[in-house]
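Peer 1: Below, each chain spelled out in residue letters.
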Amino acid sequence: MNDRLDSRIRELTYRLMYMAPEAPPFPEESMTTLQTPSRGPRRPVLVWAAAALGALVLVGVPVLLLRSSETAEPATTVPPASSTSTTAETTTTTVPVGVVAFTEFNVYFLSDEVEGPNGDAGLVAVRRSQDHTAPVEDPVRAALFDALTSLVVDGPGDSGLYSSIPEGIAVGVGVEDGIVTVDLPAAFESGGGSAMMFSRLAQVVFTATQFPELDAMRFSIDGQIVDVITSEGIIVDGPQSRDNYLDLLQPILVDSPAIGAVVESPVTIGGVANVFEAALAYEITTASGDVLADGFTNATCGTGCWGDYTVEVPYTLETETAGFVTVFANSPEDGRRINVVSYPVTLTGEGGETPETTPAAEPGREIAFLTQVSATEIVADSAEMLTGDEANQAAFEDGVIGSVDEGVPNDYYIRNQDDQLRTLAVADGVTVVLQTSATGSVSGVEVPMDEWLALFKADGTPWDYEVDEVPSWPEPHMGYFGAGTKGAPYWLTFDADGNVIEIEQQYLP
Amino acid sequence: MTDEEIYRKHADDLVRFATGLVGPFDAADVVSDACLRTFGSRGWSTVTNHRAYLYRSVLNQARSHHRSTLRRRVRELRAAEPATAPPQEVDVDVLAAIDRLSVQQRAAVVLTYWEDLAPGDVASRLGVSEGSVKRHLARARSRLKELLDE
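Residue numbers (the numbering used here), protein chains in the order written: chain V, 1 to 509; chain D, 1 to 150.
Please note: incorrect hints may appear among the correct ones.
With the Cβ distance kept under 7 Å, some of the chain D side facing chain V (calculated, not the full set) [claimed, not checked]:
| no. | residue |
| --- | --- |
| 1 | L36 |
| 2 | G131 |
| 3 | A138 |
| 4 | S142 |
Listed next, with one range per pair, are the computed distances between beta-carbon atoms [what the hints assert, rightly or not]:
| no. | chain 1 | residue 1 | chain 2 | residue 2 | range |
| --- | --- | --- | --- | --- | --- |
| 5 | D | D121 | V | T268 | 35 to 43 Å |
| 6 | D | D29 | V | G460 | 50 to 58 Å |
| 7 | V | D3 | D | M1 | 34 to 42 Å |
| 8 | V | D138 | D | L148 | 45 to 53 Å |
| 9 | V | V404 | D | D116 | 29 to 37 Å |
| 10 | D | D116 | V | M449 | 34 to 42 Å |
| 11 | V | V404 | D | E4 | 17 to 25 Å |
| 12 | D | M1 | V | A425 | 55 to 63 Å |
| 13 | V | P344 | D | E4 | 36 to 44 Å |
| 14 | D | G131 | V | Q224 | 23 to 31 Å |
No wet-lab data here; the hints were simulated from the structure. In this text, a Cβ means the ideal position worked out from N, Cα and C, and glycines have one as well.
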């Protein structure tokens, strides 16, 4: 220990602390804004004297506006590639019968199954498609137009979901410099309080900004770009992005897959979340409740801030079936599932690779998480244990740490990108080694197979905890560092026939 | 205890902590934003260790704070004309020093050298492992040594 260096750093820290400003007042007013539906969240800002701010006029802006049918009929128009005239309104055209293309997109509705921030319905993504009977020259713009038409004109239908957008209105869509303009009639501004209006805006913004190429939008009312939604005084000036509306969301928004999507393995599960320590769990189940895949991932930010998350999850299924993709957080209090978002989807069969019923053919050793154990077979999810720079780089790529420089705790990172499960035969006389601190320092101790199996649930599946988050861990589990949890990694050693001959717990500091 | 009482109890410490993370200019904003989000989050009512949770929220908020902001401030302060020189209480050299550290390293330094917490206590305050704290501290010390020896 370099005392002189320590005292210099201490002095530097004290000098820094003496620069600290006064504590800001309790953010009471803003809190009211967050919690009271009648005033909505901090952004977009509510301005009650909204009319005084006026509105910008769209005239002269080189933007192609496409307008859906003024009736409630679904629009089938796509932007003709040659139509680049300014401020033109393109009306619905009749197209020959015969579908030659289709678009796929998400539409955002409200669901009672997902509790929103104020106890009201949460925002959910629904997968829809639109057939086209003429070639689609620009798939993204076509999908954008179809998505907004589906949102505003088609509505939720009999899906059991809700929309806060008034029925029977039309929508126009334009794109200029990568910014989408969504034109709506004055009726869009009427009806409902500000909470409903925020939901309404959020539905439009999330639907209009779903494509990476077009991630910002402006609102236009009757052909004029507006800064304020006048009925509720909600400022919508400048390009609106999803970031402006995150505080309206429940803690977990699932963007992918969307409700009703037909998915194949691997499924990309992704969205945004603001959950404790950014820790998320996911599960793919069949409608009958069989778990096809599950695991954990991290958002890029958490505990008070919003972060993105995305994870590729493979599953194995022989025939197509209805199922669910579920994303949730575990309560920091007691580990129970909270903020659960579960979307019904169609899981296609044979999407995943055929499960190997025999293990790695070569003798060797690998680290894995165990999803099912018995005296004769274990189901393993192989992982990779990295250290040093390799660990930091991988953890950064996976969004576990904010930068490579930040470094992973304890200089190791267990990467588990491939959730493919393998059923492995356990050799007679297998050795099980668990880590214990009973001797005063952490060391491996051989335990009988039965004793190890008793650490798991009665059905042989692990307890739904990470090794360090077990709330109250009764005997006989004490002292084995969460050996029976799903977060406990094990080194598996195979013989030449691929049978598991040793199962050794990896200690996690 | 109400949110306001919890806030009043910890606000001064949080602002000092935030000053260590993002500098004095943006510390109040970072604390306000972090507390606003925390008190408005649905999980807040289940939190038992308010202080640790708020510290982590401030740390997370600071991490999303633009890292170049402090560097820009230091550059502006150094370039300032004497007439518009920074007030005496702003110590540009100190800010330049912490700019050399990652946000995690700054957190470890502030909690260790200002709050006198042992690595284990820093770890539980920030919700990371003790090994992680020790590593951040070691790197911070190494970088600051280079700087102080210059």
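Peer 1: When you take the CB atoms of G131 (chain D) and Q224 (chain V), is the distance between them in 23 to 31 Å?
Peer 2: 59 Å, violated
Peer 1: Tell me if G131 (chain D) is really an interface residue toward chain V, meaning its C-beta lies closer than 7 Å to one of theirs.
Peer 2: 4 Å, holds
Peer 1: So does V404 (chain V) sit 17 to 25 Å from E4 (chain D), Cβ to Cβ?
Peer 2: Violated - the Cβ-Cβ distance for V404 (chain V) and E4 (chain D), about 40 Å, lies outside 17 to 25 Å.
Peer 1: Take a look at whether the Cβ-Cβ distance between D29 (chain D) and G460 (chain V) falls inside 50 to 58 Å.
Peer 2: 52 Å, holds
Peer 1: Hold the hint about A138 (chain D) up to the distance rule: shortest CB distance to chain V must be less than 7 Å.
Peer 2: 10 Å, violated
Peer 1: Let me know if the C-beta of S142 (chain D) comes in closer than 7 Å to any C-beta of chain V, holds or violated.
Peer 2: 10 Å, violated
Peer 1: Does the Cβ pair P344 (chain V), E4 (chain D) satisfy 36 to 44 Å?
Peer 2: 42 Å, holds
Peer 1: Is the distance from the Cβ of D138 (chain V) to the Cβ of L148 (chain D) consistent with 45 to 53 Å?
Peer 2: 58 Å, violated
Peer 1: Tell me if the beta carbons of V404 (chain V) and D116 (chain D) are separated by a distance inside 29 to 37 Å.
Peer 2: 30 Å, holds
Peer 1: Should the hint that D121 (chain D) and T268 (chain V) are 35 to 43 Å apart at their CB atoms be regarded as holding?
Peer 2: 40 Å, holds
Peer 1: CB of D3 (chain V) to CB of M1 (chain D), is that within 34 to 42 Å?
Peer 2: 41 Å, holds
Peer 1: A closest beta-carbon separation below 7 Å is what the hint needs, so does L36 (chain D) meet it against chain V?
Peer 2: 5 Å, holds
Hint compliance for this structure: hints 3, 4, 8, 10, 11 and 14 are not met, and every other hint is.
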